[in-house]
Amino acid sequence: MRITDTLKFSLSTFRGSPARTFLMLLAMSIGVTSVVALTALGEGARRYVTDEFSSLGTSLLIVIPGRTETTGGSPSLFIGETPRDLTLDDARALLRYSSIRQVAPLNIGSAPVSWKQREREAPVIGTTAEFLTIRHWEMAQGSFLPAGDPESAGSVCVIGQNIRNELFGASSALGEWIRIGDRRFRVIGVLQSAGRSIGIDSQDLVIIPVASAQALFNTSSLFRIFVEAKDRDELSRVEALVIKTIKERHQGEEDITVVSQNAVLATFDKIFRALTLTVAGIASVSLAVAGVLIMNVMLVSVSQRTPEIGLLKALGAPDRQILVLFLTEAAMLSLFGALIGLILGELGIWVMILLYPSFPLTAPIWAVVSAVSVALLTGLVFGALPARRAAKLEPVQALSRR
Amino acid sequence: MIQLDHIERVFQVGDQKVHALHDVGLKVERGEYLSIMGPSGSGKSTLLNIIGLLDRPSDGQYFLDDKDVSLLTEKEQAKTRREKIGFVFQFFHLVPRLTAAENVELPLVLAGMMPGERKQKVSEVLQAMGIGDRMHHRPEQLSGGQRQRVAIARATIMQPTVILADEPTGNLDRASGKEVVEILERLVDNGLTLVVVTHDPELGQRAKRQIKMVDGSIVSDTLRSV
Chain Z
1 MRITDTLKFS
11 LSTFRGSPAR
21 TFLMLLAMSI
31 GVTSVVALTA
41 LGEGARRYVT
51 DEFSSLGTSL
61 LIVIPGRTET
71 TGGSPSLFIG
81 ETPRDLTLDD
91 ARALLRYSSI
101 RQVAPLNIGS
111 APVSWKQRER
121 EAPVIGTTAE
131 FLTIRHWEMA
141 QGSFLPAGDP
151 ESAGSVCVIG
161 QNIRNELFGA
171 SSALGEWIRI
181 GDRRFRVIGV
191 LQSAGRSIGI
201 DSQDLVIIPV
211 ASAQALFNTS
221 SLFRIFVEAK
231 DRDELSRVEA
241 LVIKTIKERH
251 QGEEDITVVS
261 QNAVLATFDK
271 IFRALTLTVA
281 GIASVSLAVA
291 GVLIMNVMLV
301 SVSQRTPEIG
311 LLKALGAPDR
321 QILVLFLTEA
331 AMLSLFGALI
341 GLILGELGIW
351 VMILLYPSFP
361 LTAPIWAVVS
371 AVSVALLTGL
381 VFGALPARRA
391 AKLEPVQALS
401 RR
Chain S
403 MIQLDHIERV
413 FQVGDQKVHA
423 LHDVGLKVER
433 GEYLSIMGPS
443 GSGKSTLLNI
453 IGLLDRPSDG
463 QYFLDDKDVS
473 LLTEKEQAKT
483 RREKIGFVFQ
493 FFHLVPRLTA
503 AENVELPLVL
513 AGMMPGERKQ
523 KVSEVLQAMG
533 IGDRMHHRPE
543 QLSGGQRQRV
553 AIARATIMQP
563 TVILADEPTG
573 NLDRASGKEV
583 VEILERLVDN
593 GLTLVVVTHD
603 PELGQRAKRQ
613 IKMVDGSIVS
623 DTLRSV
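Here the protein sequences come in this chain order: Z and S.
Numbering of the first sequence is given in this note's numbering, commencing with residue 1 and proceeding in unit increments.
Numbering of the second sequence is given in this note's numbering, commencing with residue 403 and proceeding in unit increments.
Bear in mind the hints are in silico, worked out from the structure with no lab data behind them.
You can take every hint at face value.
Label-pair restraints from in silico Cβ distances: (1) Z/I3 x S/V415: 41 to 47 Å; (2) S/L625 x Z/I3: 46 to 52 Å; (3) Z/V292 x S/R432: 52 to 58 Å; (4) S/E485 x Z/V351: 53 to 59 Å; (5) S/Q543 x Z/L277: 53 to 59 Å; (6) Z/S400 x S/H408: 21 to 27 Å; (7) S/K580 x Z/A288: 55 to 61 Å; (8) Z/S373 x S/E587: 53 to 59 Å; (9) Z/V292 x S/E587: 52 to 58 Å; (10) Z/I3 x S/Q529: 27 to 33 Å; (11) S/L625 x Z/V300: 47 to 53 Å.
For glycine and all other residues, C-beta sits at the position ideal for the given N, C-alpha and C.
Assemble the whole structure, with the sequences as input and the hints as a guide.
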């Protein structure tokens, strides 16, 4: 029997029982739709989170004072031993390496910010000019903190959009003097409202030179040091360098923690990938259910079409031919079902994109390919038993059934 | 052409063994017109099924065109059925979802013939059966006589050497039954071998050679005196 005739014959059986065909297609397409749509969601969540982190810069290291490590030993040993503070000099010491592009010290605190009669509490960040490029922020108006000696405590500040709106309303903020805590600063720039940002919302920030912040909060220590490596691939080498340098400066005490953006990113990536796989696994249960349905309906079909099978045998169809006919039927049903499922799934994704435009949704290719091939496979596996049963029918008995 | 030697067919029904055929020997030459008659349960249908390779004898030998077909594999038997044997059934056995033409085409499709060639043959055979205008009707849109003619067209389209008919008129009224018998007899005139199983004496006596079966054995084998 020619392949085209085999396909045509299977098609004729679908015409022969449209309701049965529709139900099988429905079951299969629901399975494939759920795999495609759910993996798209999982994958979307993963991409959303990794994009968030990437926006922070992937060649970034963050130096945190204190060592996050549990060590054994007698507690009395640690009495009187506080971790040394990170200082501006520590930050500056890192700059001498060629593999480090830039360094931004960071100090953070909260202070009342006021202009004329308006006042509000706002997070205040002390940093240097480099912070702008490290965080990939952009200016809406004016300029960021001037580059120069981090030790010089200039009386200038950059404010976020929300602060600008709340303090100044419709009037211009640039060049105005605002009061932060007990000091006065001139506004030299307004931050662009960043699309996304993890951690502190840049729109509520007030940014002043790091030395001014140290004076304002009366401290000589830093909250963080941001280190950007020149080359992403050298990140681990730079990390070792940072630890070694600061250890030397801290009398041989390794009392800092260095967090690399990549490590965090990789962890999240892994978590979400596992999540997507889990969801795909759960969704593919519905594929298996569809397979069972196909088997059930095919078994009914075999017993309904017993006389026809007997006839085909009498007309000279070998057992193998009958097997192929029924397997073709199962395969075509699952393939058509899978294709309908793909279309429905993509349609669902499209609707979700319309509802949540900022969420990056696409069904990953591996999910599409595996959903279709799993559908085909279940069709064949679950179609095998009915097909074998049909092939093994005794022609005389098959013909005598009416 | 057909030679059966000491054919036995035993069915296991529960604990009991039923001898459907017992020591049956038969020789049929090419072009013969043969009827097998007998009461129901006499084994005449079983004999026909064995001749048609739908059933295998429990014992004995069956030569078709001097070849021992009981030694053939399942696949080879199917091929032999396809090429040498045409079946006509009491209940027509047309595939309900296919048109008359598609039903007739089935053996050619199974044989893997090219579509262009098939169409030609199908319409020729249906014309010859006098139902060319019914080609694209489904079985349910055809009368009993027409259905049986479609079935005969299907049985003859591969130009087999033998036609096996099991009660071909059993489900038809007298008029269309007569038509069907005449069509079958025309096939004999064209050189085909025809074996008809029936318990209708009127039909059976039309055959040149008449075999009577009782309890799984052939009890008489007579030639009609013309």
